[in-house]
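Between the sequences and the hints, there should be enough to build the whole structure, so can you do that?
Number of protein chains: 2
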Amino acid sequence: MELDQRKLQILRAIIDEYILSASPVGSKSIRQSADLNWSSATIRNEMADLEALGYLAQPHTSAGRIPSDKAYRLYVNQMLSHAALSQEELKLLNGYYRNRIDGIESVLRSTAHVLSEITHYTAIVMMPDLATNRLRHFQLVPLTEGKALSVIVTDAGVARDSVIDIPPDMTPDELEALSRTITRRCYNCRMSTVGEKLIKEIGAELKSRGDFLSALLERLDESSQTGMNMVELAGARNMLRYPEYNDVNKAKTFLATVEQRDSIYRMMKKASNMEFTITIGRENEQEGLQDCSVVTATYRVNDMPLGTFGIIGPTRMDYNRVISVLQGVQQNLAYVLQSYLKED
Amino acid sequence: MELDQRKLQILRAIIDEYILSASPVGSKSIRQSADLNWSSATIRNEMADLEALGYLAQPHTSAGRIPSDKAYRLYVNQMLSHAALSQEELKLLNGYYRNRIDGIESVLRSTAHVLSEITHYTAIVMMPDLATNRLRHFQLVPLTEGKALSVIVTDAGVARDSVIDIPPDMTPDELEALSRTITRRCYNCRMSTVGEKLIKEIGAELKSRGDFLSALLERLDESSQTGMNMVELAGARNMLRYPEYNDVNKAKTFLATVEQRDSIYRMMKKASNMEFTITIGRENEQEGLQDCSVVTATYRVNDMPLGTFGIIGPTRMDYNRVISVLQGVQQNLAYVLQSYLKED
DNA sequence: TGTTAGCACTCTTTTATCTTGAGTGCTAAT
DNA sequence: ATTAGCACTCAAGATAAAAGAGTGCTAACA
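Protein chains in written order, with our numbering: chain E, 1060 to 1403; chain H, 1060 to 1403.
Treat the hints as calculated values from the structure; they're not laboratory data. All the given hints hold, so there is nothing to weed out.
Footprint (simulated), chain E over chain H, 3 or more residues, beta carbon under 8 Å:
hint : stretch
1    : 1198 to 1211
2    : 1288 to 1300
3    : 1304 to 1311
4    : 1314 to 1321
Computed cross-link-like contacts, BS3-like style, restricted to lysine-lysine with a CA-CA straight-line distance of at most 25 Å:
hint : chain 1 : residue 1 : chain 2 : residue 2
5    : E       : LYS1309   : H       : LYS1309
6    : E       : LYS1311   : H       : LYS1309
7    : H       : LYS1311   : E       : LYS1311
8    : H       : LYS1311   : E       : LYS1309
9    : E       : LYS1129   : E       : LYS1329
Being a predicted model, the structure only gives us computed values, none of them experimental. Using N, Cα and C, we set each Cβ at its ideal position, and we do this for glycine too.
This is the structure in structure tokens:
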């Protein structure tokens, strides 16, 4: 079911206009603003066709048309202009990253704020997934009887810690020895392979501590994954700027959805193996996001994907700009994060 | 300027009513609901007096009265009923903490969510201030040329890390040796005294590395303080429940204020040396919180204050309940956190 | 056959007007 | 000092009318 050139042009004009105005666009206004040379009657006919094909909807008779999810999908797939950011905007963006030296997670958290500020949408940044990172240090620090803190440090300059139960008769010296063994044996191993390696190499030694070892491995695994608390969310309030959220109840629902970290987390996790994703309206599985679009991108260092970040906005978001911004941030992140990382 | 018994009774009734209804209360309704035995005319006279004294305000003639900040202040100082939580609520609260074993920060972060859920206001929890904690482990992990990650672990089971510049000629062995020295010399020292101690004990040895040492000390100091990213905020959206935020613009302003972490951070920091604080309306320095009240409390372990947490709500918040909940959470936190801490 | 001008019709939005009702302040009586 | 009574005020709700934006359809035109 191909759309001819004219239909495409009209559809595009409608979407562009609607992204700007958020109110149904009529045949007349589109003719002027997009400089289309057909009469409004012709345009009206085409609009009726486009509606029949499911690209447009009418809130009520005698109102203009608004684009459907299907229309946005077409728009995103075929009509993006891929405009790069302006010099100014790039400068602004770079400026944010110039003096960032306080660690990867800190950079990423502020990235969320930067993103939300320059797009005026809601931004999400996942902390790095350490699976592809390399272990640099492992330490068990005794806390109280039966408990210790396990700390890992990777080559990406990220530390992760968690409390772990230890056998009550395990001495601090034993813990220290174990820490050194693990650090030595697994130095520079990818986090995803550390567990395996440990079982093979020291499983036998620690046979008597079987339970502890398996708890430890599990904990290592957990730490290297990006947990639920590792999602930075910023600018949720920005949604209140847009007329679609003038209704306090809608706003409440939206905020409830994004504050529900675990669902956002799952969503981002799912997007994490894609370089770039755009999910429009009802394409979102999340109940509360079905009037929203989500655009995600991957940040990488030395071509190693580390994590995912993205933007949530109303379905009529400015896709062109959002994509440009994400690409700009992607580049900046690659550059900044690189300074924490060594070549393979 | 003392208020007589009757005025107090009436004022209290008005406040109680207004907390419930959020709409101006009139002389008649107050008479019924609070079972006051004076005629509405008498009550009206008293209300006029109370208004003249600054305790009440009238949105417009022919509307009821609403309490002023001054009234809430009086209410909070003299009229709280100090009702404990019900058995049910206590049970619910305890339930949240029953299975929490994944570390102090995690407990605290979820505390923010629990608080916001059971009060239906906005909750803030500051991560622990480590100044009074004792050092358990210190580690410098080399990352790339000129950079290392510094990690501290304290007896409270908290790890903090940050990237630090190191002299380019410093070898991994040197870093490791330094880490051990610091851990050994300062083991079980309060974080607030570690810097001092280091200068005294190894300042001489490291004279050649003067710059590095001072950077290190600074970093230690920073890490032991609660930074701006160490504020967990939850339930901001709850404010949309209340009619005072039915106006989308007000809601936006509020959300902007609390998302501005650093100001919230400063506010909490200021409250951190008080066991309990209640700040009402314009008493708040924060521009955007002048229609809100903030109630904070300290969480402690073994009588050692660790940090601050609190509630932000509209000035007409249910002070009694908020205070009860904060006390309940305070106790639960003390109990749960204790399991991570050793006696002095 | 595709395009367009014209026009009647639809339905939301805006504006104006009226009504209702909760609540007050004041006065006069108790 | 207290209270019943009453005129008055003002926001909020209801109703009605007018305006305006946009459509679909028909008939004329190239």
